[in-house]
Amino acid sequence: EPEVTQTPSHQVTQMGQEVILRCVPISNHLYFYWYRQILGQKVEFLVSFYNNEISEKSEIFDDQFSVERPDGSNFTLKIRSTKLEDSAMYFCASGGDQPQHFGDGTRLSIL
Amino acid sequence: QKEVEQDPGPLSVPEGAIVSLNCTYSNSAFQYFMWYRQYSRKGPELLMYTYSSGNKEDGRFTAQVDKSSKYISLFIRDSQPSDSATYLCAMSPQGAQKLVFGQGTRLTINP
Chain B
76 EPEVTQTPSH QVTQMGQEVI LRCVPISNHL YFYWYRQILG QKVEFLVSFY
126 NNEISEKSEI FDDQFSVERP DGSNFTLKIR STKLEDSAMY FCASGGDQPQ
176 HFGDGTRLSI L
Chain U
289 QKEVEQDPGP LSVPEGAIVS LNCTYSNSAF QYFMWYRQYS RKGPELLMYT
339 YSSGNKEDGR FTAQVDKSSK YISLFIRDSQ PSDSATYLCA MSPQGAQKLV
389 FGQGTRLTIN P
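Those protein sequences? They're chains B and U, same order as listed.
Read in my numbering, the first sequence has 172 at position 97, and its numbers run on one by one without any break.
Read in my numbering, the second sequence has 314 at position 26, and its numbers run on one by one without any break.
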């Protein structure tokens with residue numbers, strides 16, 4: 076069964092550094108999403124992406140965040156200058172006409 | 289009032305029991321309702337997907353949506369130890385829009 080894959084599974088970064096999280100969505104899906112889950116809290120929406128542009132974003136998704144689909148298969152989330160509070164699990168999802176399917180996430184630890 | 293409310297548990301039941309998991313919501317625009325299962329250190333795995341009100345059955349799982357009460361349920365029959373996980377409800381107004389998640393209910397099935 077097709078699945079969403081995310082790399083790396085764990086990323087440790089110094090505060091203030093840039094980080095890029097990578098995702099390969101399911102190939103026939105048209106909508107792509109990033110969510111995050113801070114330890115012990117709800118899964119929260121960050122951003123959705125369709126037709127090469129952001130279709131919706133949350134208040135969390137400020138100027139420090141950006142997304143890109145650099146080629147036909149990858150979807151990336153970049154955090155420009157990481158803060159301690161960015162430490163969380165980041166999940167990529169894809170869907171559209173289909174319900175959203177999630178990857179296993181990248182655990183981001185900011186030191 | 290929170291947009292989606294879900295009792296975080298934990299809920300512990302013996303093997304073979306019928307499990308009932310529930311969420312309430314406040315936004316009457318929600319039309320798409322999902323249940324995801326999340327194992328430790330894994331991403332949410334789609335279990336059930338329902339549009340508008342009604343019931344849907346898939347094997348041992350039944351999802352119910354009552355839009356008039358803004359209440360959704362997931363029933364698990366003949367529960368197995370492998371069903372032990374966190375169960376997340378999620379919903380959206382349109383199929384491709386952002387998902388709003390509940391807190392998740394941690395379920396343990398005891399052999």
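It should be emphasised that the hints constitute simulated quantities derived from the structure, not laboratory data.
Don't take every hint at face value.
Simulated pairs of lysine-lysine, DSS-like, Cα-Cα distance not exceeding 27 angstroms [as the list claims (entries may be wrong)]: (1) U:K344 with B:K117; (2) U:K344 with B:K132; (3) U:K290 with B:K132; (4) B:K153 with U:K344; (5) U:K355 with U:K344.
A few chain B residues that don't get close to chain U, going by computed Cβ distances all over 12 angstroms [stated by the list, open to error]: (6) G91; (7) S156; (8) S162.
Backbone N, C-alpha and C fix where the C-beta goes; we use that ideal spot for every residue, glycine too.
Here's how the hints hold up against the structure:
1. U:K344 with B:K117: 25 angstroms, holds
2. U:K344 with B:K132: With Cα atoms ~31 angstroms apart, K344 of chain U and K132 of chain B exceed 27 angstroms; violated.
3. U:K290 with B:K132: The given pair, whose Cα atoms are some 19 angstroms apart, holds under the 27 angstroms limit.
4. B:K153 with U:K344: Cα-Cα ~39 angstroms, so violated.
5. U:K355 with U:K344: Cα-Cα ~14 angstroms, so holds.
6. G91: Since the minimum Cβ distance to chain U is about 27 angstroms, G91 of chain B lies beyond 12 angstroms and the statement holds.
7. S156: The assertion about S156 of chain B holds, with a minimum of 25 angstroms to chain U.
8. S162: At about 15 angstroms from chain U, S162 of chain B clears the 12 angstroms cut-off, so the statement holds.
Hint check: violations occur at hints 2, 4; the rest are consistent with the structure.
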